[in-house]
Structure formats: C-alpha cells, structure tokens
Amino acid sequence: MDPNNRVLSRMGARELTEQEVDAVQGAFVRHTLTPCFIDKKQQLLNGDQSIGECG
Amino acid sequence: MKLIVLAPEDDNHTAPIKWALEKAGQKVVCWAGLSWTDEGQSSLLMDGDDTLILGGHSVDPGDVIWIRRPEVPVPNPKVSESDKKFASLEYRCFYHSIAYFFETLPVWCINNYSAARVMIQKAVQIRLARQCGLKTPATLMSNNPAAVRKFFSRDNARTICKGFTPHVWQKEGKMSVAITETFELTSDQLPSDEVLTYAPAIYQERVPKEYDIRMVLMGNHIYSYALKNKKQALDWRQDAGLGHVTAELVPTPPDVEKGVLEFARRSGVCFGSLDFGVDAQGTWWFLEINEEGQFLWIDQFNREARLLEKFCAFVTAPQGSNLPLEARQDLFPSLQEYEELLKNEQVAPIGRPRQEDPFLSMEA
Chain A
1 MDPNNRVLSR MGARELTEQE VDAVQGAFVR HTLTPCFIDK KQQLLNGDQS
51 IGECG
Chain B
1 MKLIVLAPED DNHTAPIKWA LEKAGQKVVC WAGLSWTDEG QSSLLMDGDD
51 TLILGGHSVD PGDVIWIRRP EVPVPNPKVS ESDKKFASLE YRCFYHSIAY
101 FFETLPVWCI NNYSAARVMI QKAVQIRLAR QCGLKTPATL MSNNPAAVRK
151 FFSRDNARTI CKGFTPHVWQ KEGKMSVAIT ETFELTSDQL PSDEVLTYAP
201 AIYQERVPKE YDIRMVLMGN HIYSYALKNK KQALDWRQDA GLGHVTAELV
251 PTPPDVEKGV LEFARRSGVC FGSLDFGVDA QGTWWFLEIN EEGQFLWIDQ
301 FNREARLLEK FCAFVTAPQG SNLPLEARQD LFPSLQEYEE LLKNEQVAPI
351 GRPRQEDPFL SMEA
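Protein sequence lines, in the order shown, are assigned to chains A and B.
Residue numbering for the first sequence follows the numbering used here, beginning at 1 and increasing consecutively.
Residue numbering for the second sequence follows the numbering used here, beginning at 1 and increasing consecutively.
Isolated chain A, as found in the complex (with noise of 0.2 Å):
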C-alpha cells in the first residue's frame, strides 16, 4: 500500500486476523452492519452507527 495516496484511516485500519476474516465473513451485506468490528454471533453489536438519510 502506498502512504501517499490512501487516506489516514485506512493506513490507521486494522488488518484482520484469519480467526476474525473467518468471524465477519456474511456479515458485510447485513443490514443494520456497521463493520467496524465484528460479531461472530447474531451481529447485536455490530450496527451501533448508522448512516444515510433514514437511520
């Protein structure tokens, strides 16, 4: 990845674990998703954020 064209976040981003690739796999087209962690059980905690005009 090259620092200089890439945003601060994404070069602050955690990359995952194979465990936790493994957890959050479905879990991206949920609705409610805020992937911003992971929750390999009924997605409770993912979410807390929501975004867009209706949330």
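In case anyone wonders, no lab produced these hints; they're calculated from the structure.
Backbone N, C-alpha and C fix where the C-beta goes; we use that ideal spot for every residue, glycine too.
Honestly, I wouldn't trust all of these hints.
Between beta-carbon pairs, the in silico distance windows are [what the hints assert, rightly or not]:
id, chain 1, residue 1, chain 2, residue 2, range
1, A, N4, B, L105, 48 to 56 Å
2, B, P324, A, D2, 52 to 60 Å
3, B, E81, A, N4, 35 to 43 Å
4, B, N76, A, D2, 40 to 48 Å
Just some of the chain B residues that point at chain A, by a computed CB distance under 8 Å [unchecked claim]:
id, residue
5, V177
6, A178
7, I179
8, S192
9, Y198
Got chain A sorted already, so can you dock chain B onto it with the hints?
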C-alpha cells in the same frame, strides 16, 4: 397503543424485541421504510382530521414510534431513466415529511427525528456533552494540514485518530480485510499535507483510560456497564466481537448521571447508547453517543443485564410513569429465550442480505 417500529422485521434488535412484546400481549407492527411496494407505500392526508398510513398501518394517538433503522427510500425501479433522479429525491423528501410529521402527532417517538438527525453529528455531541458538565477530550475535526499539525504540537499530549464513519476495505479476489479503528498517531507519523486533505478526520486527545463504559439511556433510566478486556485495547469492539470482553453493571457517578440527563433533556434524545472512557483517577470521559446504538449484545455478555426486558418495559411504560423499569421487566421474556428459539429455528432468522453496503470498499 401499539409500537410502530421503523425497521425491517428481521433487523437484529427489532426481531427479538417484537417477539418479546408480543409474548407479553403488546401490539407491534413494523414498517421498513418508504418504498414503491405495497408494504412500503405511505399516505399522509391532511384534511382537518389528519391521518398517516405506513404500509397497512395507521398511526394513532398514543402510539409509540421507534425509529430504529428504516431503509433508504426505494423508488420504483421501472421509473424512466430520465426520471430516476427526480423520483429518488421525491421519495427522500416524502420520507422526511413523514419522519418530521411524527413530531406533530400525539405519539411518542424514540427518538424524535429532528433530535436524532442533530445528535448523530459527533461535533454537536461533544460540545453539548461538555456544556452539560461531562468531561470531554480535546478534539479537532479537520482537513486542514496546518491545523492538524498544530494540534499535534500540544505539549505532552498523546493523540488518537478516527473517522467520522466506519469502513471496511476488502482486497479484490482475496479474503484480506482491513477495518477502520481508532489508532494512536504521533506528529512524526503524520503523512504529507496532501494526504491530510484526502479525507477529513477526527483527531482527539488520547484519554488515559483504564477501561470503557457502555451506558444505555432509556428515558430517565441509566444503565452503565464496565467493559474490560485483558489487552486494554484502544478500541474494545474488536475484542468484544470475539467474546474477550466482560460487561459488568457499575454505578454511574452522580455528576455523570446528572450530566447525561441534562444532555438528554437539551438534545431531545430519550434513548441511546453512550461510550465513556474511565481513567486511573476514576474520571468518566464522554466519547460519543449513538442514538440508535446497539444494546442487546450486553445481554449476551451479562445475562443479568436484561436490557431486552428493560427496553420492553420502557416503550410500554404508562405515560408519566416514574416506576423503575425493573418493576415491569418481569412481564417480558429474555433474549436468552429468544436465542434458544432462534437456535431451534422456531423463530425467523434475522438479518437477511439487503442493499449494497455503504461501508465496504474493494481495493487492489
């Protein structure tokens, strides 16, 4: 009275709460939001005896409206390409009319849409929290390189950086994933001025926290949970997601409680999830509030929390009731019971795939 939830029925908080309320004999209906489909259509008639219909449901005096997570308005996909932009704006404007109109009706909104729209702004939150007597870290929101560098030149100060919104980057064709996270940054690590203009960011004094607090506000009721993890990570969420965090009910210091209730009064928010960091001196630092933040996960980490039951008691409380929510929480079944049913496929699954995720980007 009925509860009208603005969210899809399979939303991960809506589904168990609807189930629990119905088990207790309460009426609950869901409206996923404005769309062209039969169930998404709405009518607002103002002829002296105003009526508002959401899908097949009328909004009646005394109803409770929980603006949980409505979907973005969906115009009819068959609309002419030439009219798509107009139709989309019309749908959006009509949705706003509905959401703000609730506030003129004799109903109770959780939360009022106008309050929610203002309080989603982190800058407003921090300023209001400070005005209400809560301790807040020094914060800079900026895309101006000179201002950023000046903020980092403060004496003996550690600084963290975070985004306004979360995001995920996934490498194309690979499983590799990176997630935005609050991270510490020094002046030496700052990138070029140009990079600092690529996206605004939040730069904040690092709170020397010993542990985190997740607080749930329900009207005048406040429940605070200490979140502790062995790694003392800057951001507890990743560890929580992997089950490495404990959530212990702790008393809220009187001055913090007073500040939070004043914050709620001034902002107009009656429900929300607040984050605090607690330092070695026991000082609680306000970090943020998510007015429709997630809270049922605390029941999974601490079965005695019973926030599902408390929330059910909150939304069904008689008007003007000053009773503690605990006095009525036994009327409702627990999340654990719901989870058993879910495991045995005796209730519908939650969270089916939907629209494109606005938080996900692919990268090379």
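Now the hints, each set against the structure:
Checked against the hint of 48 to 56 Å, the pair N4(A) and L105(B) passes, with Cβ atoms roughly 54 Å apart. Taking 52 to 60 Å as the suggested C-beta distance range, the pair P324(B) and D2(A) conforms, at roughly 57 Å. E81(B) and N4(A) have their C-beta atoms about 39 Å apart, which keeps the hinted 35 to 43 Å range intact. Taking the beta carbon of each, N76(B) and D2(A) are about 43 Å apart, inside 40 to 48 Å as hinted.
A hinted interface residue such as V177(B) counts as satisfied when its beta carbon comes closer than 8 Å to some beta carbon of chain A; here the least separation is about 5 Å, so the hint holds. A hinted interface residue such as A178(B) counts as satisfied when its beta carbon comes closer than 8 Å to some beta carbon of chain A; here the least separation is about 4 Å, so the hint holds. For the restraint placing I179(B) at the interface with chain A, the shortest Cβ-Cβ distance is roughly 6 Å, inside the 8 Å limit, so the hint holds. Among the interface hints, the one on S192(B) holds; its C-beta lies about 6 Å from the nearest C-beta in chain A, closer than the 8 Å criterion.
At its closest, the beta carbon of Y198(B) sits 5 Å from a beta carbon of chain A; the interface hint therefore holds under the 8 Å criterion.
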